[in-house]
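J.: Chain residues, written in single-letter form:
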Amino acid sequence: MILRLKIKAEIILYFFLKYILNNVFNREGDVLPVHILKKIDKDTFDNFASYIHSYGIPIIFVTGTNGKTTTANLIADTLRAAGKNVCVNSNGANMSNGVFGAIIGSYGLSTIDRLLGLDFQFNADFIVIEADEKVFPYLSSKLMPNVVVITNFYRDQLDRYGEINTTVFEIKRAIKNLSGDTMLILPSFEPLAMSVGYGINNPRIYYGFKREFFKEKQCQERAVSSDALTCPYCKKVLFNRKDVNQNVFLLKFKCENCGFTNIEPDIYISGYKGEKIIIKSNKIGAEYDGKTDGALYSDFKPALSGDYNMANYLAAYSVLKNYKIKNDIIIPSFENFQTKFGRSFKKYVGDLEINIDLVKNPTGLSRVLEKITDVYNNDLPFIDILFAFSDRDADGRDVSWIWDVEFEKYVKDIGKIIITGLRPFDMAIRLKTAGVDKSLISIEHNLKKSLKKIIKIGRSQVSSNKKVFILSTYTELLRIKKYIM
Amino acid sequence: MKKIFELIAIDLYPEIMNIYGDRGNPFYFKYRCSLYGINLRVFDVSFEAEKRIDMDRADIFFIGGGQDAEQALIYEDFIKYKKSVLMKALENDKIMLAICGGYQLLCDYYKSLDNKIIKGISVFRGYTESKTLRLIGNIAVKAENTVLVGFENHGGRTYLEREQKALGTVLKGYGNNGKNGTEGAVTGNFFGTYMHGSFLPKNYIFCDYLINIALKKKYNVSLEEIIKINGIEIDNDFEMKARKDIADLKRFL
Chain A
1 MILRLKIKAE IILYFFLKYI LNNVFNREGD VLPVHILKKI DKDTFDNFAS
51 YIHSYGIPII FVTGTNGKTT TANLIADTLR AAGKNVCVNS NGANMSNGVF
101 GAIIGSYGLS TIDRLLGLDF QFNADFIVIE ADEKVFPYLS SKLMPNVVVI
151 TNFYRDQLDR YGEINTTVFE IKRAIKNLSG DTMLILPSFE PLAMSVGYGI
201 NNPRIYYGFK REFFKEKQCQ ERAVSSDALT CPYCKKVLFN RKDVNQNVFL
251 LKFKCENCGF TNIEPDIYIS GYKGEKIIIK SNKIGAEYDG KTDGALYSDF
301 KPALSGDYNM ANYLAAYSVL KNYKIKNDII IPSFENFQTK FGRSFKKYVG
351 DLEINIDLVK NPTGLSRVLE KITDVYNNDL PFIDILFAFS DRDADGRDVS
401 WIWDVEFEKY VKDIGKIIIT GLRPFDMAIR LKTAGVDKSL ISIEHNLKKS
451 LKKIIKIGRS QVSSNKKVFI LSTYTELLRI KKYIM
Chain B
1 MKKIFELIAI DLYPEIMNIY GDRGNPFYFK YRCSLYGINL RVFDVSFEAE
51 KRIDMDRADI FFIGGGQDAE QALIYEDFIK YKKSVLMKAL ENDKIMLAIC
101 GGYQLLCDYY KSLDNKIIKG ISVFRGYTES KTLRLIGNIA VKAENTVLVG
151 FENHGGRTYL EREQKALGTV LKGYGNNGKN GTEGAVTGNF FGTYMHGSFL
201 PKNYIFCDYL INIALKKKYN VSLEEIIKIN GIEIDNDFEM KARKDIADLK
251 RFL
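Those protein sequences? They're chains A and B, same order as listed. Here the first sequence is numbered in this note's numbering, starting from 1 and rising by one per residue. Here the second sequence is numbered in this note's numbering, starting from 1 and rising by one per residue.
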C-alpha cells in the first residue's frame, strides 16, 4: 500500500525532530516528536493505525502493573534472534505517544528505488507493544492486537488511576471488543489478571508456577502476592486472612461464594536443575513446538534474578511458543538477556557492582527487596541502599504506598541508607517506623552527591563482592541514567 | 524506675480496608508509643467476632479506606458485629481514627455510583454520595491550633448535618465534598477524615494528641507527665521536614 503524501511528510518530520532531540538536546525523544505530530494532525494515530492493519503483521500487547518492559523486551529480543524485524517501544514509553513513536520509527527507506520515489517501508515482521494499563483500551481499539499478555494487576499510582478493579474492568471490556481470536496470555497465580480470561471464549494460555519451584528454595513465604482481596468475579471475599495476601504466593485460591478458582497453568516453572530453571507444559510438544515426542520441556539459566522475573520469563516464553519459536533460539536469548536501565540493571564501577531497580508500587518494591536480600543472590551481611524517592506526576503524587511495603521483614538485612529525591523524609519516617536505626539513614537532596555517597559506601565494604543497590522512582531513574551511563 | 504503660489497639478489617497505606496509622501509632515507653498491642479484627480479644478492652480503633467493592463487602458485618462495640466505645470516650471509606461507614449512609445504599452506624451525622470524578491531591486542613496534612483520593462527597462538628477547615484541597470547605468529622474521641498519607506519620502532633487522650482515660496521666517520668527526648526532625517537602502545601505550613 502506497503511503499518502501527508503520512510521508509526518514520517520525515518525526525523524527530523527525533534527530534534533537526540543530537542537539541529547534526549531520547521517545515521546516529544509524536506529541508535536499530534498537534499538527489530530488524526495521525488513526492514519498510521489503518496502514498497520493493512500490513497484517502480528501485534502483541503486553500490559499489567509490573514487568511490562522486561516481558516485552524478552519477547522482542528473542524474535530478533529468530531473524525477525521487530517494532517495540523498548524504553518503557508506554502511553499513546511512545507507542506510536515506536511505530512511526519503524518506517524506513530501504533501497535506492524507494529513496528516489521517497516511499517508506514498514520494517517490522512483528509489533510488540508495552501498553500502560489505563491507555490499553484506547491503544487496543486502534491497533487491535492479536495477542494480549497480562503480567499482573497490583496497586499502582492510584492517584492517577483510581481503583484497580475499575482498570481491570475497562481492559476486559476492551478485549471483548476485539475479535474473538485474540490470544490471551494470563498468569494463573494472580486472581485479578487471571479473571480477565474468565467468562470469555478467546483462546488463552495460562502461565504459572508449581509448588516445587518454591519448595526447592526452602522458603515458605514466597513471591507472587496479590492485591485482589475480593473475588474479581462475584465481588465477595476471596481472602480474609491477612497473611495470605501479604506473604504467600497464590498457587491455589477459591472463592467460597461463586467458585472462581485458580486454573492449573498450561506452561509452568516446575523447579530447579542446578542454577537452571525448568519450564514444562503438560500439553504435547506438537501444540507448541511442532514436535510430536511428548510434553514440552526447556531448562535455562536465567540472566535475571527474582521470582517476579521468572514470571516475566514465563509470560514471554508462552508468547514465543504461541508463534512456535524453537527452544534453541529462545534459550540463548533468555540466557543472554540484557535488561533495560532500571530493570534489574547492573553496572560496574571498578570492582563495585551497582544494581539499579525502578520501584513504583508496593508489590514491586517488596519484590525487589526480597530479591536483593535473598541469600541466593547476595552474600553481603547487610545491604547498602540509595533510595531516590519523588512524587512528580510520573512517580505518582501520593507517597503513601511505601506504608504498604513490608520493610519490617528486611530491617535485619539493611545496612546504610542514603535517601534522595523530592520526598526523602517520608521514606525516612517509613524506615524509622519499621525499625531501621536513625543513625543508618542519611538524607542527600542532591542526586549527584547521593550517587557519590552510595558509591563511596560500596567501595568501603569489606568484601570481594562489593555491591550497592539503587532503588528509584520513575522520574529520578531518568536523572540517574544521565549520571550512570 | 520507669513505669510500664500498655495500650490496646484494634485494627478493623486491615486486609480489606487498607487501600492507600492506611495501615501506616497503627504502625506509626505503635512506633510513637514505643518512643514514650508505652507498649501498644495491636489486634487485627476482621469478620465476625474476634475470639482473641474482648473488643471492649481496646483503647483505640483504626479503620482505613477501601475500594467500593470492598466497602460493600464489610458493611453488613460491620453493622452486625462492630456497631454495638463501637457505640459503647464512643460513650466511654475511647478513640477511633477512621480514614476515607472507613470514615464513610461511620456516617449515616453511603450512596454508591450505581445508587446502592450502604448503611453506616451514624457516629457522624451526615451522608456520602459517590461521583465519578475523584477528588485527588495533597490537602491541608486547619484543625484548632494545628495544620493537618495528607493526601486525599475519593469519589465520595460527604455532607454533614448542621449539628455535626467537622474535623477542620480546608486550607488547600477538597475535603468532605470540595464545596463547603469542611473536612472530616469529630464526635467525642472518634475522628473521621479523608486524609491518607499515611495520616498519623504526617501529623505527629495529632498522633501525640491521640496518645494523650488514651493515657488520660486509662491511666489518668498525661503524655507530658509520662515524658517527664520516663525522661524522654523525642527527635521530630524527619517528621517536620517531611511536611515541608510537600510542594503544594508549602505556604500553609
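The set of hints was computed from the structure by calculation and includes no laboratory data. One should not assume that every hint holds.
[Claimed, not checked] List of simulated lysine-lysine pairs, DSS-like, C-alpha gap at most 30 Å: (1) Lys218/B - Lys83/B; (2) Lys134/A - Lys83/B; (3) Lys235/A - Lys210/A; (4) Lys39/A - Lys8/A; (5) Lys210/A - Lys273/A; (6) Lys254/A - Lys244/B; (7) Lys80/B - Lys254/A; (8) Lys83/B - Lys235/A; (9) Lys235/A - Lys218/B; (10) Lys448/A - Lys244/B; (11) Lys250/B - Lys448/A; (12) Lys250/B - Lys449/A; (13) Lys218/B - Lys30/B; (14) Lys340/A - Lys482/A; (15) Lys360/A - Lys252/A; (16) Lys165/B - Lys481/A; (17) Lys250/B - Lys438/A.
J.: Hint by hint, where does the structure go against what was stated? Just the numbers, ascending.
T.: 2, 6, 9, 16
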